[in-house]
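4 protein chains.
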Amino acid sequence: MINVGIVGGTGYTGVELLRILSQHPEVNIQAITSRNEVGTKVTELFTSLRGQINLKFCDPTEANLDQCDLVFFATPNGIAMQQAKALLNAGTRVIDLAADFRIKDVSEWEKWYGMSHASPELIAEAVYGLPEINRDKVINARLVANPGCYPTAVQLGFLPLIEAGIVDENHLIADVKSGVSGAGRKADVHILHAEASDNFKAYGVPGHRHLPEIKQGLANIAGKSIGLTFVPHLTPMIRGIHATLYARLSANTDLQTLYEQRYINEPFVDILPAGKHPETRSVRGSNICRIAVHRPQNSDTVVVLSVTDNLVKGAAGQAVQNMNLMFGFQETLGIQHIPLLP
Amino acid sequence: MINVGIVGGTGYTGVELLRILSQHPEVNIQAITSRNEVGTKVTELFTSLRGQINLKFCDPTEANLDQCDLVFFATPNGIAMQQAKALLNAGTRVIDLAADFRIKDVSEWEKWYGMSHASPELIAEAVYGLPEINRDKVINARLVANPGCYPTAVQLGFLPLIEAGIVDENHLIADVKSGVSGAGRKADVHILHAEASDNFKAYGVPGHRHLPEIKQGLANIAGKSIGLTFVPHLTPMIRGIHATLYARLSANTDLQTLYEQRYINEPFVDILPAGKHPETRSVRGSNICRIAVHRPQNSDTVVVLSVTDNLVKGAAGQAVQNMNLMFGFQETLGIQHIPLLP
Amino acid sequence: MINVGIVGGTGYTGVELLRILSQHPEVNIQAITSRNEVGTKVTELFTSLRGQINLKFCDPTEANLDQCDLVFFATPNGIAMQQAKALLNAGTRVIDLAADFRIKDVSEWEKWYGMSHASPELIAEAVYGLPEINRDKVINARLVANPGCYPTAVQLGFLPLIEAGIVDENHLIADVKSGVSGAGRKADVHILHAEASDNFKAYGVPGHRHLPEIKQGLANIAGKSIGLTFVPHLTPMIRGIHATLYARLSANTDLQTLYEQRYINEPFVDILPAGKHPETRSVRGSNICRIAVHRPQNSDTVVVLSVTDNLVKGAAGQAVQNMNLMFGFQETLGIQHIPLLP
Amino acid sequence: MINVGIVGGTGYTGVELLRILSQHPEVNIQAITSRNEVGTKVTELFTSLRGQINLKFCDPTEANLDQCDLVFFATPNGIAMQQAKALLNAGTRVIDLAADFRIKDVSEWEKWYGMSHASPELIAEAVYGLPEINRDKVINARLVANPGCYPTAVQLGFLPLIEAGIVDENHLIADVKSGVSGAGRKADVHILHAEASDNFKAYGVPGHRHLPEIKQGLANIAGKSIGLTFVPHLTPMIRGIHATLYARLSANTDLQTLYEQRYINEPFVDILPAGKHPETRSVRGSNICRIAVHRPQNSDTVVVLSVTDNLVKGAAGQAVQNMNLMFGFQETLGIQHIPLLP
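Chains as they are written, first to last, in the numbering used here: chain X, 47 to 388; chain D, 47 to 388; chain P, 47 to 388; chain Z, 47 to 388.
Honestly, I wouldn't trust all of these hints.
If chains are identical, the list can't say which one is meant, so a pair holds when it fits in one copy or spans any two.
As the list claims (entries may be wrong) - Computed cross-link-like contacts, BS3-like style, restricted to lysine-lysine with a CA-CA straight-line distance of at most 25 Å:
id, residue 1, residue 2
1, K183, K150
2, K232, K261
3, K157, K322
4, K150, K261
5, K322, K232
These aren't lab readings, by the way, just hints derived from the structure by calculation.
Just so it is clear, the structure is predicted and the values come from calculations on it, not from any experiment.
Based on the sequences and whatever the hints tell you, model everything.
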């Protein structure tokens with residue numbers, strides 16, 4: 047049993063952490079903070095949690111977070127980098143669900159995120175928390191940078207191809223579609239129901255913050271820099287990411303076997319039978335990434351379809367998966383929810 | 047640990063039973079039948095269940111259902127009434143999620159459902175499985191008639207008022223809105239996405255099959271016949287029922303206290319604080335019914351708001367709640383899922 | 047050909063006015079104002095209007111509105127009451143799509159809207175712009191108070207019953223469901239797609255600002271005060287209002303004939319054949335109100351179903367209908383769009 | 047004024063033709079046929095058309111279609127090929143909204159559509175009705191093959207690049223997303239609201255019938271065969287297609303100028319300013335195709351975003367555009383609807 051704190055619990059990753067952690071058998075939620083909602087009962091904001099949790103949001107300064115075994119940052123970018131150091135020094139481990147520690151190149155990070163990094167000295171130590179790649183490092187990490195939602199679906203989809211070295215890694219294409227919850231629980235006109243419903247659009251084509259994160263991840267796998275065109279889209283659903291990935295094959299392989307073998311021991315990656323197409327609802331509310339691999343018309347272009355729930359495997363669920371690894375619990379503990387279908 | 051069978055597992059109540067029962071600690075799913083899908087793996091139809099269940103749909107005649115401790119009928123109306131008797135005679139208990147045993151007046155049932163009843167002799171024995179009213183009878187029942195989705199939300203909403211005898215029970219109004227999954231997983235044009243999305247309509251205003259079921263239930267509580275206007279509506283969402291109930295007060299009472307006291311020991315009925323409005327997503331995927339009671343402008347009209355997930359408390363979840371009662375398990379076992387929000 | 051101005055053109059009623067007026071054969075749009083978007087091209091904000099309109103948003107003080115024949119206020123409540131007087135004095139007629147001039151009782155208005163009225167002396171003159179009731183007054187009006195979206199659907203639905211004096215007007219019930227655009231194009235968390243989609247809820251049950259407006263309108267018809275329980279709901283669609291109205295019959299009449307006769311000459315009210323149920327998409331994008339009247343189970347409760355597009359007949363379309371009347375154009379000119387289905 | 051007939055008017059392209067043609071100033075709708083709905087009033091099926099059209103569906107054999115100036119086939123594939131010849135012989139011109147005459151290579155057509163072609167001799171004569179490419183031929187055509195919805199958006203998006211010869215035409219990628227109405231008004235489980243809503247998936251990756259149509263069109267432009275990977279997706283909205291197109295640049299050009307110049311005289315193609323992203327609702331209900339062209343991160347991969355309403359520019363609207371050309375009306379007559387936003 048460990049004591050955990052959550053910083054910034056009023057967003058969608060916050061409420062999703064609460065949904066998962068409040069029924070996790072090895073976790074006691076000690077505190078949840080929010081500067082704007084100090085004193086408000088969590089269930090006042092999130093009726094879905096009535097009967098599950100009795101905490102009130104508290105001020106970060108009064109949360110005694112340094113007495114937690116682990117603190118999750120479910121905050122906007124730029125918060126964790128200011129507070130992580132003190133917690134680590136106090137012996138508290140940290141998982142940041144925002145982007146503060148994802149990019150190893152500080153100046154690259156500062157360019158994309160538009161601010162100076164407050165703790166550049168921690169970046170090297172931070173472990174990028176994609177267990178399917180970094181499991182061993184996560185186990186011993188003090189500080190985990192939880193991956194972004196797009197980067198999770200895209201990297202898991204490209205991984206076997208890049209590892210096998212059988213595609214032109216200079217011209218990868220990731221056409222990715224996200225549900226609206228990916229934009230967060232914040233009042234922006236473009237994600238109003240009357241704007242985003244019955245509508246579809248691409249955005250950020252000139253450049254999106256997840257581009258350098260994906261490129262760094264794929265380059266690490268490839269052992270060299272890679273070229274990627276990344277086009278995110280907003281699709282009128284609440285949860286779900288669907289990545290459609292394209293690469294030019296440079297060698298012939300049994301792609302189905304390649305994918306099945308790569309992920310045969312992964313509890314949260316499911317390779318569909320040949321010819322199938324995953325759908326986002328087949329992972330709704332669960333920590334699973336389902337993948338299918340196609341080679342249409344037997345051409346030299348491989349098409350990979352990869353779906354996740356952006357709030358679970360793309361955020362809170364993966365954070366708990368990392369927590370399980372860090373504290374020696376069974377990796378799947380508390381995150382085995384069956385997808386909600388329909 | 048009990049062995050259960052599911053007859054008719056290809057609809058939404060079927061897949062929802064599978065979601066719940068496959069993780070229920072006291073249940074072994076012995077067989078699931080479907081005449082149309084004999085030999086098909088369950089996970090072929092419902093990708094969400096991959097890794098959770100290994101069964102194939104089998105023919106009802108080869109399922110050895112009479113060796114189960116319990117059989118759920120998740121079939122269209124008119125099936126359970128043909129097969130229940132043989133199972134009961136073999137010592138197998140039965141929960142029918144369809145309407146075959148809900149109405150005590152056979153001729154009334156035959157009028158609304160347009161067929162002759164195949165087992166009228168079983169109707170008297172069947173227990174109407176609304177635990178909040180019939181818990182004691184459910185415990186010892188051989189045959190449970192699981193309530194309809196509308197009747198569950200409406201009866202739980204009206205119950206305290208009728209029991210207290212403080213409303214004009216001759217002029218009750220139930221204006222109820224249902225998500226589209228309530229119409230089932232069948233190919234009908236009017237529930238296509240392109241028809242039902244971004245659209246709202248009433249239907250069945252002249253008469254809906256759930257009308258006699260609700261009237262029977264409320265009459266039982268009142269101890270006399272009641273008058274009800276029931277207007278169902280189709281709303282563009284997948285899951286959820288929202289009942290807005292109106293009644294004329296004939297006496298003055300503290301309505302908030304009345305509701306809180308009535309349901310204080312009910313694990314699956316949650317009375318919201320005064321002034322609140324429940325929303326359907328606050329119960330999505332869960333077995334909870336949330337209720338708020340209002341008296342707008344201090345007039346003599348009381349307004350009750352009652353929400354459920356039509357596939358859980360309105361169908362599969364309530365069936366498992368009944369199962370738990372019938373077999374002496376903790377009533378909440380295996381149905382404590384936290385609602386999925388957002 | 048008249049010159050019109052639009053004050054506050056960045057909301058949904060604004061863009062809807064532009065959609066209609068930019069193709070209206072008798073209208074020249076002289077100016078559209080927005081304090082926040084001065085200098086922005088209208089088509090920059092509303093791509094749908096590219097090629098249709100070349101205006102930029104301008105500052106209200108530079109719009110020469112007093113040289114228009116007519117000014118529409120598509121502003122939040124409390125703006126028109128400050129500016130209408132000067133325009134009227136300059137000979138410019140005014141249609142306010144907000145609520146400033148809808149309620150005749152100033153103190154009642156001030157209670158519900160939470161501000162002091164800036165032009166109480168204009169209230170008596172203002173004509174409530176529901177043509178089906180007030181057509182003759184609209185024709186000669188200088189100042190029209192365009193009805194609210196809920197009040198339009200509810201009043202047109204109840205009108206024949208109240209006029210005929212055949213219902214208990216002390217206990218009317220209006221259970222009304224609105225699409226999310228009714229909440230406006232403003233950044234509020236509760237109308238985000240991730241909040242409002244796949245969700246249904248009532249709101250404002252203790253009291254909603256449209257309650258006094260509806261009660262005033264129905265009382266005017268009845269010739270005495272009326273009693274109304276009004277429960278608005280938010281439904282996950284973009285456009286559309288569905289009013290389900292309940293009243294106790296005090297006399298026997300052929301309701302179908304009553305409704306057909308009352309609206310036989312109304313170009314924008316369509317009475318469906320007996321037994322039918324209107325759906326909101328059957329009026330999407332159009333100025334039509336479709337109504338069906340039912341008497342379920344032959345009881346003494348009449349059920350009226352009334353649907354409109356909240357942005358057209360419930361706002362901009364009705365405003366143009368009023369404009370047509372005020373300036374002697376054919377009443378239907380420029381607002382004969384066929385609903386967009388599916 | 048011409049007399050037109052519509053064969054197969056009960057689907058979405060049928061009702062959309064009726065929406066457009068019933069207000070077209072040069073068209074008299076003489077007959078609309080449906081074998082299944084003989085004698086049913088059109089407005090019984092499509093309430094949206096009440097007051098606009100008085101026809102009943104009639105049997106094709108009694109429609110005197112050969113006395114029409116023009117017959118639209120809004121039928122499933124395989125119908126027009128059986129009936130077109132007799133009509134053409136009678137002097138009636140034909141526009142087929144299905145696929146019967148789109149593919150010039152008969153055996154290719156028969157392979158993808160799984161049937162023998164009933165009128166192979168007409169294929170050569172048929173004009174592929176994409177006015178932006180074939181305007182001159184359409185004007186004199188007796189028989190027009192109206193393009194598919196995906197092919198319209200994809201071809202208009204790729205056209206300037208292929209004409210200019212500045213991309214590797216052997217490795218084009220079209221990642222396209224469609225609203226659910228594209229699947230038609232037919233009762234299929236996978237397009238139910240409860241299946242398709244809040245869900246996203248690719249389908250037909252191994253091969254989709256629109257692949258050969260697109261390849262033929264692009265090859266005609268290129269003057270040589272081309273290579274294309276085409277991945278269609280189902281997105282939870284009613285109307286709209288969003289094509290995201292990828293190509294490798296083989297030469298340097300000002301892409302923005304290239305696109306603007308190519309379409310400068312096209313009334314229904316709108317090139318957005320540099321840096322913009324079109325959204326499907328910006329064309330909802332209209333005949334417009336909006337396109338943006340990007341070169342992200344200044345790499346050698348060009349990204350084109352192309353949106354249409356699949357039922358208008360992707361079907362009925364384009365058919366009327368072709369009709370206007372064939373009969374010498376102004377090309378934009380009757381199809382200048384402003385998109386419905388929100």
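Query raised in the report: Which holds for K150 with K261 at a C-alpha limit of 25 Å: within a copy, between copies, both or neither?
Result: Classified as within; 12 Å inside a copy, 43 Å across copies.
Report task. Since the copies are identical, ignore which copy is meant and state whether K322 and K232 lie within 25 Å (CA to CA) inside a copy, between copies, both or neither. Result -> For K322 and K232, the Cα distance is within 25 Å only across copies (22 Å; inside one copy 36 Å).
Requested in this report: With 25 Å as the alpha-carbon cut-off, assign the pair K183 and K150 to within, between, both or neither.
Outcome: Within one copy only: 15 Å inside, 59 Å across.
Query - Identical-chain pair category, K157 with K322, by Cα at 25 Å - result: between (40 Å within a copy, 22 Å between copies)
Query raised in the report: How would you classify K232 and K261 at a CA-CA limit of 25 Å: within, between, both, or neither?
Result: Intra 28 Å, inter 36 Å, cutoff 25 Å: neither.
When the structure is compared with the earlier hints, a violation turns up for hint 2 alone.
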